[in-house]
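Visitor: Residues per chain, in single letters:
Number of protein chains: 2
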Amino acid sequence: MTDKQQDLCYLSIPQAGRLIASRQLSPVELTRAFLERIQAVDQRVKAYVTLMADSALAEARTAEGEVLHGRYRGPLHGIPIALKDLYDTRGVRTTAQSRVLERRVPSEDATVVRKLRDAGGVILGKVAMHEFALGGPATSLFEQARNPWNLDHVTGGSSSGSAAAVAAGLCMGSLGSDTGGSIRGPASLCGIVGLKPTYGRVSRQGVIPLSWSLDHCGPMTWTVEDAAILLGVIAGADPSDPTASNAPVPDYTQALREDVKGLTIGVPRHYFFNPEVVDAQVLGVVEAALTEMERLGARVQEVTIPSLEHASAANTVMMIGQGYTYHRKDLINQPQSFGETVRLRLSMGALFTTADYVQAQRLRSRIRREFAQALQGVDLIACPTSLNTAATFADVDPLIAVRTPSFTAPFNQTGMPAISVPCGFNSDGLPVGLQLAGRPFDEPTMLRVAYTYQQSSRWYEKRPGV
Amino acid sequence: MTDKQQDLCYLSIPQAGRLIASRQLSPVELTRAFLERIQAVDQRVKAYVTLMADSALAEARTAEGEVLHGRYRGPLHGIPIALKDLYDTRGVRTTAQSRVLERRVPSEDATVVRKLRDAGGVILGKVAMHEFALGGPATSLFEQARNPWNLDHVTGGSSSGSAAAVAAGLCMGSLGSDTGGSIRGPASLCGIVGLKPTYGRVSRQGVIPLSWSLDHCGPMTWTVEDAAILLGVIAGADPSDPTASNAPVPDYTQALREDVKGLTIGVPRHYFFNPEVVDAQVLGVVEAALTEMERLGARVQEVTIPSLEHASAANTVMMIGQGYTYHRKDLINQPQSFGETVRLRLSMGALFTTADYVQAQRLRSRIRREFAQALQGVDLIACPTSLNTAATFADVDPLIAVRTPSFTAPFNQTGMPAISVPCGFNSDGLPVGLQLAGRPFDEPTMLRVAYTYQQSSRWYEKRPGV
Numbered sequence: 001m002t003d004k005q006q007d008l009c010y011l012s013i014p015q016a017g018r019l020i021a022s023r024q025l026s027p028v029e030l031t032r033a034f035l036e037r038i039q040a041v042d043q044r045v046k047a048y049v050t051l052m053a054d055s056a057l058a059e060a061r062t063a064e065g066e067v068l069h070g071r072y073r074g075p076l077h078g079i080p081i082a083l084k085d086l087y088d089t090r091g092v093r094t095t096a097q098s099r100v101l102e103r104r105v106p107s108e109d110a111t112v113v114r115k116l117r118d119a120g121g122v123i124l125g126k127v128a129m130h131e132f133a134l135g136g137p138a139t140s141l142f143e144q145a146r147n148p149w150n151l152d153h154v155t156g157g158s159s160s161g162s163a164a165a166v167a168a169g170l171c172m173g174s175l176g177s178d179t180g181g182s183i184r185g186p187a188s189l190c191g192i193v194g195l196k197p198t199y200g201r202v203s204r205q206g207v208i209p210l211s212w213s214l215d216h217c218g219p220m221t222w223t224v225e226d227a228a229i230l231l232g233v234i235a236g237a238d239p240s241d242p243t244a245s246n247a248p249v250p251d252y253t254q255a256l257r258e259d260v261k262g263l264t265i266g267v268p269r270h271y272f273f274n275p276e277v278v279d280a281q282v283l284g285v286v287e288a289a290l291t292e293m294e295r296l297g298a299r300v301q302e303v304t305i306p307s308l309e310h311a312s313a314a315n316t317v318m319m320i321g322q323g324y325t326y327h328r329k330d331l332i333n334q335p336q337s338f339g340e341t342v343r344l345r346l347s348m349g350a351l352f353t354t355a356d357y358v359q360a361q362r363l364r365s366r367i368r369r370e371f372a373q374a375l376q377g378v379d380l381i382a383c384p385t386s387l388n389t390a391a392t393f394a395d396v397d398p399l400i401a402v403r404t405p406s407f408t409a410p411f412n413q414t415g416m417p418a419i420s421v422p423c424g425f426n427s428d429g430l431p432v433g434l435q436l437a438g439r440p441f442d443e444p445t446m447l448r449v450a451y452t453y454q455q456s457s458r459w460y461e462k463r464p465g466v
Numbered sequence: 001m002t003d004k005q006q007d008l009c010y011l012s013i014p015q016a017g018r019l020i021a022s023r024q025l026s027p028v029e030l031t032r033a034f035l036e037r038i039q040a041v042d043q044r045v046k047a048y049v050t051l052m053a054d055s056a057l058a059e060a061r062t063a064e065g066e067v068l069h070g071r072y073r074g075p076l077h078g079i080p081i082a083l084k085d086l087y088d089t090r091g092v093r094t095t096a097q098s099r100v101l102e103r104r105v106p107s108e109d110a111t112v113v114r115k116l117r118d119a120g121g122v123i124l125g126k127v128a129m130h131e132f133a134l135g136g137p138a139t140s141l142f143e144q145a146r147n148p149w150n151l152d153h154v155t156g157g158s159s160s161g162s163a164a165a166v167a168a169g170l171c172m173g174s175l176g177s178d179t180g181g182s183i184r185g186p187a188s189l190c191g192i193v194g195l196k197p198t199y200g201r202v203s204r205q206g207v208i209p210l211s212w213s214l215d216h217c218g219p220m221t222w223t224v225e226d227a228a229i230l231l232g233v234i235a236g237a238d239p240s241d242p243t244a245s246n247a248p249v250p251d252y253t254q255a256l257r258e259d260v261k262g263l264t265i266g267v268p269r270h271y272f273f274n275p276e277v278v279d280a281q282v283l284g285v286v287e288a289a290l291t292e293m294e295r296l297g298a299r300v301q302e303v304t305i306p307s308l309e310h311a312s313a314a315n316t317v318m319m320i321g322q323g324y325t326y327h328r329k330d331l332i333n334q335p336q337s338f339g340e341t342v343r344l345r346l347s348m349g350a351l352f353t354t355a356d357y358v359q360a361q362r363l364r365s366r367i368r369r370e371f372a373q374a375l376q377g378v379d380l381i382a383c384p385t386s387l388n389t390a391a392t393f394a395d396v397d398p399l400i401a402v403r404t405p406s407f408t409a410p411f412n413q414t415g416m417p418a419i420s421v422p423c424g425f426n427s428d429g430l431p432v433g434l435q436l437a438g439r440p441f442d443e444p445t446m447l448r449v450a451y452t453y454q455q456s457s458r459w460y461e462k463r464p465g466v
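So the sequences go chain by chain: A and B. Counting from 1, one number per residue, gives the positions in the first sequence under our numbering. Counting from 1, one number per residue, gives the positions in the second sequence under our numbering.
One chain only, chain A, in its complex shape (with noise of 0.2 Å):
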């Protein structure tokens, strides 16, 4: 691998845009770079468990193709995208990380890749997760994923390839899924932006599910205008998934401000400001964030959101309820297909009741409703994405997260769309990150705010050494 292309790997994918449309990059060199990249560095980082080199050069052929002929698709036109390998792709592997799916090959592409493939995006192949979207980093069908940042972390999950890939430069962007912080969590300790859309924003036909009320599809970038450039791509209607949402795509790039003058940030400090649960570096390093909002001419604002404490069980009892039920039949008969953490978890499915699940779903909406009337108040809300910073794969417990609390679930049961950005480091140089979450589909108003603090911390002129 040159410098040059080392070089390209760490281009903006706006960036790498305007030099595709104007003729002086082509597709098939961008490409070219990434598959050398990933050659000299995903030995290390073990972010794809599915290299797709030969279709990724036919279509950066093809998207080169069209650029001479003066067919020019959008800002995604040669763009090097990787999946989280529970898209579906046609005629390659999908497997969700799982034994059960080892050898599933898909017929049709997922429709957001569908949709990737329209725009001109070049799939570089799929990269690895936690088994069925809800295992641990020990127990899976393939290798995990390892932190850029410090290669002997973890990346969290469940999204741990997408995160990785795009923080060790070895894809421009890619998309992830959450379903109680599996797009967010990974980007807060691999130091990249994760975007988790509004409930309904973006299909989730062709992509294996975990549970039907709580999974979200997203992008996975290095940053935000990255982000809203994939979101505005996946976003829309789909006839085939009637979860999908007809409200309207709004242009997510022209919501970019350098400007959050006259905006309200509510924090509800009495749930996601607890110095006995968050890490004391990870707390200061979001404070100074809020801090610089602040500087940066927005309002912060205490709010109260009483339920809270309860989102993360509810969320719990949800997701476990409905994984249970999807994987009932595999699990009765192919137990011993699943790792232990996975089976052991959805196993707790059956164990819930029909009255654990009500009450679940009663806390949802009375959470649901205590966040609207909040949201009267300000316009978003923040608070730390994860409540660590990345373990050691030696430290991990891949049960704690039944234990723990979680920052991002409350977003799942709301539906609300929500953003982790990047916002410092801790004293070891592993990242923390800011969330960021808005009004339902009100996503531009999220990404100028993650944005414009992003553009001032520029905390993305920092690469990880690996």
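Just so you know, not all the hints are guaranteed correct.
Stated by the list, open to error - For each label pair, taking beta carbons as the anchor points, the in silico distance ranges come out as:
1. B/Arg103 to A/Glu340: 22 to 32 Å
2. A/Glu102 to B/Met348: 38 to 48 Å
3. B/Asn333 to A/Asp279: 38 to 48 Å
4. A/Arg299 to B/Pro335: 49 to 59 Å
5. B/Glu461 to A/Pro250: 53 to 63 Å
6. B/Gly262 to A/Pro239: 27 to 37 Å
7. B/Arg369 to A/Arg269: 51 to 61 Å
8. B/Ser107 to A/His270: 25 to 35 Å
9. B/Arg103 to A/Asp279: 50 to 60 Å
Claimed, not checked - Chain A is faced by these chain B residues, among others (derived, beta-carbon under 8 Å):
10. Lys329
11. Ser347
12. Ala350
13. Ala355
14. Val358
15. Arg369
None of these hints come from the bench; they were simulated from the model. Glycine residues also receive a C-beta, built at the ideal position from the N, C-alpha and C atoms.
Position chain B relative to chain A; hints supplied.
Guide: Relative to chain A, chain B alone:
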């Protein structure tokens, strides 16, 4: 009771309202007529469980005084109404016909009871119901109401007294509640109008729940116009009930026009007209009603709702699952306080798994989508309300509801507005009901069709001889 008093009890609400507004009829005289008729007839019908004679007369006197002082509140001014005994009434025992609540006296009126009083309504008393809106007619705190068309026959449930009181001329209208058909079923078996509004159209604050996501409050009356008037009074937003919609409340009586030309009525014959399930005389009477609709200018068209056959099962799992959640503590601590039917039916909820519940919800979403799609091509759905006419007390099996399909429950799943309107009698003189169901919040179209049919068929001219 004089003949004149009996005539007063058979007035429609607008007939009585015009006489009251023009000072030709005193609300006190009207209320006394009903109290006399209850005295004379209700020992046989058993509609009332708690008569509120003193407060009713006091309210009637207030209503009389207001008219004399030129303060006429509108079409419910001075009109005597009965309440199913699960509507909270300030200072008056409210039991849901259960020994668990035998001594329960609410300190506040339910929201809709307050609305009735604010509109000048006179509350005559609380009427019988099936225990906790779920039990059969056999096991209850009070005796069960009897069918005014034949006292050996049941009224159906759970709004048994609400139906019997209207049919026997013991009130001008009543409120029932409907979780799987508890308004529409007894309305059809007692030859009256029963209206389940759109989910969220009417506040449920202060109404003892069975199942939060399926419960509906609504009016039961002698005519469609009476129902439109009552719905107009009780509908609307309620800050104390977050499920009550803020959608504006139209003038439902304005919607009543004797014209159905240009409207299309969809009939899912594949499910609702199966001669192996539905009584032949019921089918004949309902088919004749559809022919009459066509004669009046409506188009009748076959529609297909593929998942309809699963709707009753989904409703049972959700209704019982939520009901068990609500009653769990009492079922454990004082099982002897429940009647056997309710105890057995609710206890099923302990056996349903979370997976059963999740699958029921998925079915619910699918059924909702299928009806929404059908309603793009038709204005209303029509079908028989009940499979049979009223059984005798000797023949009724309290657990039969678990085994037979319900023609009303699908519209609790979808939340669509639905009405049962009398459409004839079987050879034993027992009434048959036609069910019409419309688009969410489009009660006006549903009322207009029901009104047109009722004005043409004039079944309301025949009264039971009780």
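Visitor: Now tell me if each hint is right for this structure.
Guide: A quick look at each hint next to the structure:
no.	hint	result
1	B/Arg103 to A/Glu340: 22 to 32 Å	54 Å, violated
2	A/Glu102 to B/Met348: 38 to 48 Å	39 Å, holds
3	B/Asn333 to A/Asp279: 38 to 48 Å	44 Å, holds
4	A/Arg299 to B/Pro335: 49 to 59 Å	56 Å, holds
5	B/Glu461 to A/Pro250: 53 to 63 Å	59 Å, holds
6	B/Gly262 to A/Pro239: 27 to 37 Å	29 Å, holds
7	B/Arg369 to A/Arg269: 51 to 61 Å	41 Å, violated
8	B/Ser107 to A/His270: 25 to 35 Å	32 Å, holds
9	B/Arg103 to A/Asp279: 50 to 60 Å	54 Å, holds
10	Lys329	10 Å, violated
11	Ser347	12 Å, violated
12	Ala350	7 Å, holds
13	Ala355	4 Å, holds
14	Val358	4 Å, holds
15	Arg369	5 Å, holds
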